[in-house]
Structures are given as structure tokens and as C-alpha cells.
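**Q** These protein sequences, in sequence, are chains A and B.
FYI, the numbering for the first sequence is 0 to 499, going by numbering that gives the first Met the number 0.
FYI, the numbering for the second sequence is 0 to 499, going by numbering that gives the first Met the number 0.
If you are wondering where the hints come from, they were derived from the structure by calculation, not from laboratory data.
Treat each hint with caution, since some may be false.
When chains are identical, the list treats them as one kind, so a pair holds in a single copy or across two.
Straight-line alpha carbon distances no greater than 27 Å define the calculated DSS-like cross-link-like pairs of lysine-lysine that follow [stated by the list, open to error]:
1) 395 - 433
2) 319 - 492
3) 491 - 188
4) 103 - 15
5) 335 - 199
6) 5 - 57
7) 107 - 282
8) 103 - 57
9) 11 - 107
10) 103 - 282
11) 57 - 69
12) 1 - 385
13) 57 - 15
14) 435 - 282
Number of protein chains: 2
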Amino acid sequence: MKKEDKLLELVKEYQKEIILLSNATALLGWDQETYMPSKAIESRSEQVSLLSSLIHEKLTSEKLFDAVKKLRNSKSVKGDDKIMIEKLYKDLLKARKIPNEFVKELSKTQSLAVKAWKEAKTKSNFKIFQPHLEKLVKLKIKEANYIKIPGHIYNSLLDSYEEGMTAEKLKPKFEKLKIDLLSLLNRIKNSEEYKKREIKLMKKEITNEMQMYFIKDVIKRIGLNEECSRIDFSEHPFTTKTGFNDVRITTIIKKHNSLSSFGSSIHEAGHALYELNMPENHKYDILGDAPSLGIHESQSRFWENMIGLSKPFWIFYYPKFDAKLNLNGNLNQWYKEINNVSAGFIRVDSDEVHYCLHVILRFEIELGLIEGSIKVKDLPLVWNKKMKEFFGLVVKNDSEGVLQDIHWGWGNFGYFPTYALGTMYAAQLYEAIKKKYPKIEEDIEKGDYSKIRLWLNDNIHKYGRKLLTEEIIKKACGEGLNPDKYISYLNKKYSEIYLE
Amino acid sequence: MKKEDKLLELVKEYQKEIILLSNATALLGWDQETYMPSKAIESRSEQVSLLSSLIHEKLTSEKLFDAVKKLRNSKSVKGDDKIMIEKLYKDLLKARKIPNEFVKELSKTQSLAVKAWKEAKTKSNFKIFQPHLEKLVKLKIKEANYIKIPGHIYNSLLDSYEEGMTAEKLKPKFEKLKIDLLSLLNRIKNSEEYKKREIKLMKKEITNEMQMYFIKDVIKRIGLNEECSRIDFSEHPFTTKTGFNDVRITTIIKKHNSLSSFGSSIHEAGHALYELNMPENHKYDILGDAPSLGIHESQSRFWENMIGLSKPFWIFYYPKFDAKLNLNGNLNQWYKEINNVSAGFIRVDSDEVHYCLHVILRFEIELGLIEGSIKVKDLPLVWNKKMKEFFGLVVKNDSEGVLQDIHWGWGNFGYFPTYALGTMYAAQLYEAIKKKYPKIEEDIEKGDYSKIRLWLNDNIHKYGRKLLTEEIIKKACGEGLNPDKYISYLNKKYSEIYLE
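Take the sequences, apply the hints, and build the full model.
**A** Structural data, given as C-alpha cells:
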């Protein structure tokens, strides 16, 4: 065997082992949230921490890095292998900038912060979380300084979730988006229709069994089959990949908000479908993965919003719901109710029009925290001020305000923007699909998503991480990120509901 | 820190990591049998194989072995630490006798053999399994020659499951047991009661929900609580430890043999209770484990047979079953039916009197295979001959004959005897408990097993692996293995049923 071939084999073996260990870690995590007996938590944490350190050991091994460096300079490495080596080089370089001691300190701080966040949230008292968050912010600034991507200091954190994205690119897009959303909201809220809107049909309680019946029906239509996936219950819905051909989603059934588990299952199914369609020939290397969280979120938001909240979707599903539930209403009323625009405190319960404002609020705060212009101790004040400004709402307590998301407790700064990016991409993707299949709504009205699924496979899924998110979106939609597409989608849809 | 303390810390860290990796591997296995989507099997096998090789790497590390050797010769190592170092030294020495290459070859052969066994069993054709079994037997003889425990070559295999046990000790016990069992069977089968016995009540179908209701009731009474354990469904029932305070059992509900899942769940609960009560201060070292499979099986067989098939147990449970199921019979009839003696082909479905004969049959064949006096190709003939001789039955096909158990496909030679050992120990334990609590049956009649559980904790569970099985049994029962106790238990019980 040639020397290069041997090196390439070694590099692939390392990646395979890292992926297999990550799968096993994912299963430990999945089990913890679904089936694990409560008192097992201590030894479970030890198991996860050991596997994580084994993964880190492999990622930072000199042998792997040497091989990658040599292969980078070899002319015989071509095609996908070349792309893989470049991506890997970038990842390893980044991982190696961060000292082991720092990784341990961060991980310890995170786990204490999450614990404190839970207590703080329960007691609705930010003060309990504050010292932990202060330490975390300091550490994340330190981390950003290790990584040192050019431009704004935030870029070094953002890049871990959204490779290639920067604060400089994001700020003007979010500013424009904010103005457009507030202007649309202003029009909606002044409409007659808005003032007389009411929630009737959605108040109907749906039994757990019936909810699960519809959830299983829709995720199967989206493309999840039981040979490669499953759905279980957990406190917070999530998607996790526990192996090749093995992706799991979870849901939580809420009796008094029956449609929320239906919508969130569609969301998770979008994530799962993406994971299940990663290129098989890269199942054990770095390219069999998404290039960013934003594009991952584009898949979940696509199915959740563009499909699951659309009229054609409910033309198919409303009669089925009605038949089982005796709704005593009509499709139009139902459609208005599921798309009811209403300012609320909680991001995950938000309607489409308010959603990105929640994200932009957090983005502005994160920038301030990382730049140093906002102090952690002032967070509740800052948060509540922005909630008033964006939503016109007065936050009554920390729990529904600054403490609502767990992400900062995890130390995930730079993560929130991917929610808005995915939401915007989703609108662009839907437009591209409609261009290719002008009559696609007729399929959706029949509950047939096969063309859509194939289009997503062909234009998004199949690339894995071979291209950057921006490159994939450009190929698929003819242009990169364009908030106007999302805005015009919202304008059209919500004008029809409220302004016509 | 003293040099010895550092070494001891290192040795404990190694053991902890091995145990944590084993827990994770156990979870991968548990999931595979309970919830895993079918197409995930390939990547699951890769995950398990990687974790197993990481465990093997740690077990055979020079650093660990050096530390153990040094600590063995240190006078400052005392108490439990000393016992731990001695046990570990023995285990490592054994593991290190077996070359890595051999381990890989054996593991590959096993996995092909299991596959072949499944096909052979389905097609009821031993020939499909034969070449694989031939290779496995050769390898196991090779393995025994690596390990080389004094005496019979079989000892080197037996010792892996039953530390300290030998063919020399076992043979006379099994020979005596066989004679006594055949003689008891002879008496039973010539009785009037035997000739007129009939199965009526047990034919009643019990719904899955009702079966699970009773299973959950009984395992809770035995001592499994939901904070540390759970029960799920799998094709074959098993118990697995997926962490400290985390033990899982499984069951399979059989509609047409309703009591079998109840009994097998009691069996698995016995295993689980043992695992849950291992000494907590040894949760991450070698001493927090059972000293042998035989003693583990004594716990499951104790609950399954001595309790679950006893009259006092059914004095409590029969009215409950009757209330839910309208059995239209009486306790005596029920008791006779669940203890119905009937020669059958299948070990796992066997009554108490025939059970050990199934094991002895396999033991005799294993001895022959490992000694070389029985050829693999003659196995169906040998098996069928012994079935006629022991049970008076004519085997109609390989599937219900020589192919019924998967164990040989796994390469588990020396494993079967532990089933009979556990069964015999269970009778000895029950006698010891009755000596301590002469009125214990009154508790059992009330569904109260607290004294029994505490006695088992105090006399078996709490030792972990600090003592050998024989030592634990001697302390608990005043003597080591004594088949006569089992025989006299059977004689008394089945004379009451058939001969009075």
C-alpha cells in the first residue's frame, strides 16, 4: 500500500471511531431523557463524561493531526477525500487551539451552570444563575480568544454552529428583518380581523392516544420509517442520531395544548429526515454530517412551518382531525387558529411572525455580553426592556423572561441565530420547490410529500458537509441567505388571514 | 501522596473506566434487544465491537498490570484493597495468557457461529451449524490450553463462569443428582395422581395488560423499585446492569403460556435484586460484582422456584389472579398445574424435577467435546440418545434437540453447569432462611418478602466478589454445595403433590 493510502486509512479509522463513540454517547443521552431510572443519573454522567473524554483524546491525537497535515500537502488526495481532509484540518486546528485544561474547566462550569439554571428557573430567581453565567461568559470570551476568527469576537463562537457565518454578515440581515417583522406586526395588530380573532377549535382536548395516532401518521408521510427511526416521550422534544440508519425523535404530549406536540413532532421529523439521508458513503467520516445548525434548522422549520402550518397541509389533515374529534367548526377557522398571531413571552410557543424577534432579542444580548457592553448582572433589566420594545410585553418574572431557555446554561453562545437562519432558509427552499413544481400544493393537499422529500434529498441532504451552508443554499435557491423571501412569505400569508 | 497510594488510585481509575465502558456496552445491548430500529444493527455491531476493544485494551494494559504486580508485593495494601488486588491479578494474568490475535479470531468465529446457529435453528438443520461449532470447539480447547488450570481441561473453561469450581468436584455431584432425580421421576410417573393430572386453569388466556399488571406487582414486592430499575419487552428475557442504581430486566408476553412470563420475570427480578444490592463502596471496582454465575443463578432460581412456585406464594397470589381472571377452580388445582411434572424437550420450559437433567445432559456432552471423546458431527446422535435415556423422549428434529440453546454458538462452554448449581444453591438458601425464620411462610402468604430480601442482602449480596461462591454458601448455609438439599426439597414437595 502506498504511504498516502495508509495515512488516509488511518484518518478514516480515527473518524469512524469518533463517530461510533459519538453514537454511543448519543444513546446514553437519549436513554437518559426517555427511559433511564432516576437514580441512575450519577453513574450515567460518569459514563458520558468518560466517552466524551475518549472522543476528545482521539480528536486531539498527534497521530491524527500529523496524518492530516501530510495528506493536505499530498497531490494524490483528490475529490471527496480532499474536501474531507480540508474540513478535518480546520476542525482539528480549532480543537487544538483550546487547551485540555480549559475544556475541563468549561465542562465543569457548564454542568454546574445547568444545575443552577434549573433551580433558578424553578424559583424564578436570576440571582441563583448569575454567578455561574458570569463565569461562563468569561470562559466563552476566553474560548473566542483562543479560536480567534477574524472580525468580531462573536464570530469565533458563531462559527462552531454556523461555519462561515459572521456577526458582520448577520447584523444587517437581522436589523432589516426586525424592522420588517415589526412593521408587519403593526399592520396585523391594527386589523379588524385581529381584534375579533378567537380560539375555539384548538381548545379541544385530544387524548394522548389520538395525538400519537396523528403524530405517527404525519411523520411516516414525511418519510420516517420504523426500520430506521423511532419516536418516544421526553420532557423536551429532541432529535438524536444513535447510529447509521438509527435516528430518534421525542415528543411531549400536552393535554391542554394539543397541537403543540403535533407541530413539534413535525419539526423533529424534519431534523431526522435530514440525518437519515446523509450520504451513505460518508457514514463514518466527517462529511456525513450537516454543514451547520442553521441548515439543519432549515429542515425542521421547513416541515413545521412551510408545510405543517400551510393551508394545503390542513386541506388534507383537517377532515381527518374532524372525523376523529368532532371539531364542530371548519377548515378556515382551524387554519386561522393554528396561525394565530399573538405576542407571547416564550420563544418555543411563538407564532411564525414573532418567532425571529425572539431570536434577534437574544442575538443582540449575546453580542453585548461577549463584547462586554452588557453585564450579566443587568441581564433581567436588559431582557425586560427589549421584551417591552419588541413585543410590547411586561415580563412578570425571570422564569418566563431571561431564564426561559437552557442554552446559556450550556454555554451555547452563538447558537440562537441558527434558529432564525433556519427559519429564513426554509422560506427560500419552499420558493425554490414551488418554482420546480408549480403545482406542488396539489400533492400536499393529498398528503403526498414524495416530490418534496426527493427535492430536499437532491438539493440539501445529499451534500452532507461537502459544501458550506451558503453554497448549498445558493445552488438550491439561486442565491444565499435572503430574509426578504421569508418576509414576503409572511406578508402574503398573514395578509390573507388578517388584512383581506 | 505515597507511591503505593498513587498506584492504587491508578488501579481503581482503570477499573472504574472498564466498568463505565461495560455499562455503556450493556446499554447498547439492552437497546438492541428492546427499542432499536431493525436497520440499525450494522452500526450497532460496530459500536459494540469498538467499546469491547477499548475495554480489552484497558484490561491488558501494561501500566495496569505493573501497578497490580507492585501492589501485590506491598505490605501497606490491606483489607478490601488487598482482596481486590488479588482478584484483579488473577483476572489479568488469565486475560494476558490469551493472545490478542486469538481473541479477535474467537470473536469473529462466534459472531459467524451465532448467525449460522440462527439459520440452522430456523431450518432445523444441524449441518448448517456444524462447521462453525467444530471451529469453535477447537478454539475453546486452544483457549483452555492457554489458561491451563490444573486438572481436567474443562476446568479452564468452567472457571470463567464459576471461579473455583472444577470438573472433578462437579462430576460426582451431578452423577448423584442424576440418579436421585431419575429415581424421583420414576416414582412420580408411576403414581395414580400423575396419570390423572390435567391442565385446565393454566389454559386460560391472560391479556398482555393483565400479565404486566401481575408482573409489576410481584417484582415490586421482590424489591425492584422504579427509581433504580425497569422492565421492558424483548424476544428473550434477560437482566442487564447499565450503571450503578440502574438494572434492567425484560420479559416476553406469551398469550398461550400466560404464566411463563410471570415466572421468568420473577427469575430476572432475582438477578436484578442481586445486582442492585452489590456493595456500594465497590461500585466502580471488581469487588462490586458476583463471584460466579452459579451464585447469580441461585438468586434468580431462588425467587423463581423456592418462592414463585411455592404454596405460600400462591396462597397470596391465587385469590388475586382469581379475582381478575375468574379462574373457576381452586388453589390446590392451580398449585398442581403450575408444578406439573412433564418430560419436555426444551430446557427453559422445564419443571423443577426435570430441569437439572437438561443441564447434566449438556454437561456430559461438553466434557466429551472438550476432551475429544465426542465429535461435533455426531452431536445430534449423541443428543438424541441422551434425551431418550434421561427423558424417555424421541427428538423429532434438531431445532427442538441439539440446536435449542444459543450458548454453544456464543462459545459458552462451561456455562451450563451454573444453571444447575444455582438451582441447588437456591434450595440450600431457602433451608437456611427457614432455620433463621421458622415462620417465614406466614410472611410469604401475606406477600411480604422483606425478611427474605434482608437475609439475602446480608448473607449473599453484600459480599460482592470479596469471597468465592463456595465461601459465601458455607457462611450462609453452614456447608458448601450439597445436592441432597435440593433433592430432599423436591422429594418433599412432589411427594405431597403426587404420592400422598
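**Q** Does each hint hold? Answer for all of them.
**A** Here is how each hint holds up against the structure:
no.: 1; hint: 395 - 433; result: neither (43 Å within a copy, 65 Å between copies)
no.: 2; hint: 319 - 492; result: within (23 Å within a copy, 61 Å between copies)
no.: 3; hint: 491 - 188; result: within (16 Å within a copy, 86 Å between copies)
no.: 4; hint: 103 - 15; result: both (24 Å within a copy, 19 Å between copies)
no.: 5; hint: 335 - 199; result: within (11 Å within a copy, 61 Å between copies)
no.: 6; hint: 5 - 57; result: both (18 Å within a copy, 26 Å between copies)
no.: 7; hint: 107 - 282; result: between (31 Å within a copy, 23 Å between copies)
no.: 8; hint: 103 - 57; result: both (16 Å within a copy, 22 Å between copies)
no.: 9; hint: 11 - 107; result: between (31 Å within a copy, 22 Å between copies)
no.: 10; hint: 103 - 282; result: between (29 Å within a copy, 24 Å between copies)
no.: 11; hint: 57 - 69; result: within (18 Å within a copy, 30 Å between copies)
no.: 12; hint: 1 - 385; result: neither (61 Å within a copy, 59 Å between copies)
no.: 13; hint: 57 - 15; result: both (11 Å within a copy, 20 Å between copies)
no.: 14; hint: 435 - 282; result: neither (30 Å within a copy, 61 Å between copies)
The structure fails to meet hints 1, 12 and 14 from the earlier list, while all remaining hints are met.
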